[in-house]
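A.B. asks: Top to bottom, those sequences are chains A and B. Take 264 as the starting number for the first sequence in this note's numbering and just add one per residue. Take 85 as the starting number for the second sequence in this note's numbering and just add one per residue.
Any given hint could be a false lead.
What the hints assert, rightly or not - Per label pair, the in silico range of CB-to-CB distance:
no., chain 1, residue 1, chain 2, residue 2, range
1, B, Ile-151, A, Lys-618, 26 to 34 Å
2, B, Asp-174, A, Glu-519, 50 to 58 Å
3, B, Leu-218, A, Ala-371, 54 to 62 Å
4, B, Leu-218, A, Asp-593, 56 to 64 Å
5, B, Gly-347, A, Lys-618, 35 to 43 Å
As the list claims (entries may be wrong) - For the chain A half of the interface with chain B, some residues (derived, Cβ under 7 Å), not all of them:
no., residue
6, Ile-308
7, Tyr-454
8, Lys-456
9, Gly-458
10, Ala-471
11, Ile-487
12, Ser-488
Quick caveat, the hints were computed from the structure, so don't treat them as lab data. Backbone N, C-alpha and C define an ideal beta-carbon position, used for all residues, glycine too.
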Amino acid sequence: MYLKSLILAAGLTALASAGLADGHGGTVKVGMITTLSGGGAGLGIDVRDGFLLATKMAGNENLEVVVEDDQRKPEIAVQLADKMIQSDKVDIMTGIIFSNLAMAVIPAATAQGKFYISPNAGPSQLAGKGCHPLYFNVAWQNDNLHEAAGAYANDAGYTNSFILAPNYPAGQDALTGYKRTYGGELAGEIYTKLGQTDYAAEIAQIRASGADSVFFFLPGGMGISFLKQYAGSGVDIPVVGPAFSFDQGILQAVGEAALGVKNTSQWNKDLDVPANATFVEAFQAEYGRLPSLYASQGYDAANLILSAMETADVKDADAFRTALAAAEFDSVRGDFKFGTNQHPVQDYYVREVIKEGDVFTNKIIGASLEDHVDAYAAECSY
Amino acid sequence: MSTLLLIEQILNGLQFGVMLFLMAAGLTLIFGVMGLINLAHGSLYMVGAFAAAAVAGATGSFLLALIASLIAAAAAGAIIELAVIRRLYDRDHLDQVLATFALILIFSEGTRWLFGSFPLYLDIPSALAGPVTLPGGIQYPAYRLLIIVIGGVIALGLFQLIARTRIGIQIRAGESDREMIAALGVDISRLYTIVFALGAALAGLAGALVGALQSVQVGMGEPVLILAFVVIVIGGIGSIKGAFVGALLVGLTDTLGKVLLPGLFGAFMEPAAATAVGSSLASMAIYILMAAVLLFRPTGLYGSA
Chain A
264 MYLKSLILAA
274 GLTALASAGL
284 ADGHGGTVKV
294 GMITTLSGGG
304 AGLGIDVRDG
314 FLLATKMAGN
324 ENLEVVVEDD
334 QRKPEIAVQL
344 ADKMIQSDKV
354 DIMTGIIFSN
364 LAMAVIPAAT
374 AQGKFYISPN
384 AGPSQLAGKG
394 CHPLYFNVAW
404 QNDNLHEAAG
414 AYANDAGYTN
424 SFILAPNYPA
434 GQDALTGYKR
444 TYGGELAGEI
454 YTKLGQTDYA
464 AEIAQIRASG
474 ADSVFFFLPG
484 GMGISFLKQY
494 AGSGVDIPVV
504 GPAFSFDQGI
514 LQAVGEAALG
524 VKNTSQWNKD
534 LDVPANATFV
544 EAFQAEYGRL
554 PSLYASQGYD
564 AANLILSAME
574 TADVKDADAF
584 RTALAAAEFD
594 SVRGDFKFGT
604 NQHPVQDYYV
614 REVIKEGDVF
624 TNKIIGASLE
634 DHVDAYAAEC
644 SY
Chain B
85 MSTLLLIEQI
95 LNGLQFGVML
105 FLMAAGLTLI
115 FGVMGLINLA
125 HGSLYMVGAF
135 AAAAVAGATG
145 SFLLALIASL
155 IAAAAAGAII
165 ELAVIRRLYD
175 RDHLDQVLAT
185 FALILIFSEG
195 TRWLFGSFPL
205 YLDIPSALAG
215 PVTLPGGIQY
225 PAYRLLIIVI
235 GGVIALGLFQ
245 LIARTRIGIQ
255 IRAGESDREM
265 IAALGVDISR
275 LYTIVFALGA
285 ALAGLAGALV
295 GALQSVQVGM
305 GEPVLILAFV
315 VIVIGGIGSI
325 KGAFVGALLV
335 GLTDTLGKVL
345 LPGLFGAFME
355 PAAATAVGSS
365 LASMAIYILM
375 AAVLLFRPTG
385 LYGSA
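When you get a sec, could you build the whole thing from the sequences and use the hints?
C.D. replies: Next up, the structure:
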């Protein structure tokens, strides 16, 4: 009897102290849904590793992270989001890599009062008319790297580009983005099948087109296939692309075929910013590989959340939102600020693929766009 | 479009078709002889590619890599036949689809566990890296020509095997009446294992040959598997000859479709719209071909009723 009441008392005390901790409101629970298996898993793993590295380095015990794998399937991402919102009771969500998954999850999550910090996907719908006060994108709007590639093509004096991308929304956005900044003629424009792995037919058309440059957006394995086949075909027209086909995870599989190719990115490991040097060194020490741009985006997303936690309580949505929008953190990209639609206003760079020892990687060779605002910002009003 | 470009594109279509044949041959043999729908065939293609990439990385020899792909895929095929597939012959197709789909998941995650999530590096040997000049001045990649030749030789070899050897007779007998050849004293379970391993080896070789052109990554087999099913449906299930003709038809239709259709629509439409409509229709071309073939020959080109 005595024992029983003691246990009861202990239990009640534990409950009370748990309640007290909640009352403080200091803890922030982040739900990360990202792609950790299937094709495209490398991207999600990098975002997760970059994010967790930043939380580990900050050592802030009030930040709790739940990670789940969406398998690159929208229906699974939606289920996971429901679970995180309803049973895990997360405050902030992040992690989605692919735009089709983002469109399935983000509008529903923000409508239920959750913050969403996108570390990668930046579909145009969410940057323009569909923007939301609780939605922030810490990476880029989808069109940005392609716009940077178009601007680079102008600077390099190209006047006759051959452009190709897969036939799906992000592919169409890519070609639109390139054409938005590129001022020359088009020698040809091709939409390939999504998931296509053989580009012999397209390469033959490029050879016959008389183009002076080739722009392509073929993410993941498609880009590896294209570059290897392009190098083997003997066509020597210079190639330009967004960083997605030249990130650290992919380059080793492309090998020599990528050497010397110019690509555009908002980040590179040699960007001369103190926070970046710390990040690159810590990432290598922790995981034994070089970070990719995805890892840098995950790292920045975590630091953005940590910076907002310093000044505001997540339960006070207005204050927390103001703290996020201020973006008072040391970004690995140096200067970083949000535009009116809470997407980055940032610089874009041109990189070249080089070989350092045995490792293929990128080096910044110049600027492409400065303080670039995405094309949809004007359509956004809260 | 110039004639030279057209000839080059026809070669591209042939090369694509020959690669599909290597996949489809195994699939059609396994379906024809054992009546089994093997969704895991794409996984065997992936096993071949990963084995080749690992061996090429360790030894630097492309020839050894090809041999490794044959051995690894055949071994993987024999193991899954003995451990799993054997129990499925008498079950209905739904059970087979479920079990072999499970095998896809096991192979994919197992491969990720062993090799990681990032694509592996496998390149064509430097001797075959550049283009060669064909009669008429066509520049064509040497490696792709080699794939056409290898595929042709293997097709010829398979025809001979099926038509002239003892095992070929048993395979043909197995296709027409399974119970009867068991009753005649042929060791049917050994025959099944051999056929399955042979099909797996061909898929593995295709994976290694194509892996050098494309990317070696988890999940690379499934898109090819779908095309291989289209090929065997067009060619007639169980027929090697059908698989060969079907593969070439699919390869040529797909390649020429995506080259010619946008231009065709461009003749009477806005360029941007023509590109969009042409590309969409080109992705459908092989399925339209399949539907057309089935309309006139419900059992496929060389299928027996």
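A.B. asks: Does each hint fit the structure? Answer for all of them.
C.D. replies: Each hint tested on the structure:
1. B:Ile-151 - A:Lys-618: 26 to 34 Å: holds (30 Å)
2. B:Asp-174 - A:Glu-519: 50 to 58 Å: Since B:Asp-174 and A:Glu-519 have Cβ atoms about 52 Å apart, the given range 50 to 58 Å holds.
3. B:Leu-218 - A:Ala-371: 54 to 62 Å: holds (57 Å)
4. B:Leu-218 - A:Asp-593: 56 to 64 Å: holds (58 Å)
5. B:Gly-347 - A:Lys-618: 35 to 43 Å: holds (40 Å)
6. Ile-308: holds (6 Å)
7. Tyr-454: holds (4 Å)
8. Lys-456: holds (5 Å)
9. Gly-458: holds (5 Å)
10. Ala-471: Hint holds; A:Ala-471 Cβ to chain B Cβ min 5 Å, cut 7 Å.
11. Ile-487: holds (4 Å)
12. Ser-488: At about 4 Å, which falls below the 7 Å cut-off, the nearest Cβ of chain B leaves the hint on A:Ser-488 intact, so it holds.
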